[in-house]
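S.K.: Fit chain V to the supplied structure of chain R, relying on the hints for placement.
2 protein chains.
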Amino acid sequence: MFTINIVSLLGLIAAFCTTFAFVPQAIRIIKTRHTKDLSLGMYIIFSVGVFLWLIYGFLQMDIPIMLANFVTFIFSFTILIMKLKYK
Amino acid sequence: MFTINIVSLLGLIAAFCTTFAFVPQAIRIIKTRHTKDLSLGMYIIFSVGVFLWLIYGFLQMDIPIMLANFVTFIFSFTILIMKLKYK
Numbered sequence: 002m003f004t005i006n007i008v009s010l011l012g013l014i015a016a017f018c019t020t021f022a023f024v025p026q027a028i029r030i031i032k033t034r035h036t037k038d039l040s041l042g043m044y045i046i047f048s049v050g051v052f053l054w055l056i057y058g059f060l061q062m063d064i065p066i067m068l069a070n071f072v073t074f075i076f077s078f079t080i081l082i083m084k085l086k087y088k
Numbered sequence: 002m003f004t005i006n007i008v009s010l011l012g013l014i015a016a017f018c019t020t021f022a023f024v025p026q027a028i029r030i031i032k033t034r035h036t037k038d039l040s041l042g043m044y045i046i047f048s049v050g051v052f053l054w055l056i057y058g059f060l061q062m063d064i065p066i067m068l069a070n071f072v073t074f075i076f077s078f079t080i081l082i083m084k085l086k087y088k
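Going line by line, the protein sequences match chains R and V.
Residue numbers are given in this note's numbering: position 70 of the first sequence equals residue 71, and the series is strictly consecutive.
Residue numbers are given in this note's numbering: position 14 of the second sequence equals residue 15, and the series is strictly consecutive.
The shape of chain R in the complex, shown without the other chains:
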């Protein structure tokens, strides 16, 4: 039977939060078309970092790291593209 301990559950909730936190930011930009206060440097460095985590997860064959960082990369990179589009 599949069981999950409390520590793993905590890790899953943490991963969920740090991944999906970028959704309200993306929605805000789609609504307002304003990105002036967002740091371009932040989204470049963050997207590069998440992409490196993705490669790391792939090399370690660690499915949770791959999956979480794949989704986070999509959100982070989308915000980066919108930052470049809506100056």
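No lab work stands behind these hints, which were simulated from the structure alone.
Accuracy of the hints is not assured; some may be wrong.
Which copy? The list can't say, so a pair holds if one copy fits it or any two copies do.
Below, simulated DSS-like cross-link-like pairs (lysine-lysine); rule was C-alpha separation at most 27 Å, straight line [unchecked claim]:
id	residue 1	residue 2
1	32	84
2	84	37
3	88	32
4	37	88
5	86	37
M.R.: What follows is chain V alone, placed relative to chain R:
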């Protein structure tokens, strides 16, 4: 002798990027005092997530997870406070 393999080095660079990416955003807010385009929801959810990662690292006695998330929490929470201060 202390040695580090290429995969671990990749993980370290990834962690460095996703941690310190928030620094240019914090600097930008300190300079401009503007946070209107930043999503409050993002920084609340992200700060909660990083704090849960910190507890997870503590419970797992995983020093790199504790350390990386402690630093990221300071940056993320600082931006959250500034978002609340500079509406």
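S.K.: Hints first: check each against the structure and report whether it holds.
M.R.: Results of checking the hints against the structure:
Taking identical chains as interchangeable, the C-alpha atoms of residue 32 and residue 84 lie at most 27 Å apart whether they share a chain (13 Å) or sit on different chains (19 Å). For the homomeric pair residue 84 and residue 37, the shortest alpha-carbon distances inside one copy (8 Å) and between copies (14 Å) are both at most 27 Å. With identical chains, the CA atoms of residue 88 and residue 32 are at most 27 Å apart both within one copy (15 Å) and between copies (18 Å). For a Cα distance limit of 27 Å, the shortest separation of residue 37 from residue 88 qualifies both inside one copy, at 6 Å, and across copies, at 14 Å.
In the homo-oligomer, the alpha carbons of residue 86 and residue 37 lie at most 27 Å apart both inside one protomer (11 Å) and across protomers (18 Å), since each shortest distance falls under that limit.
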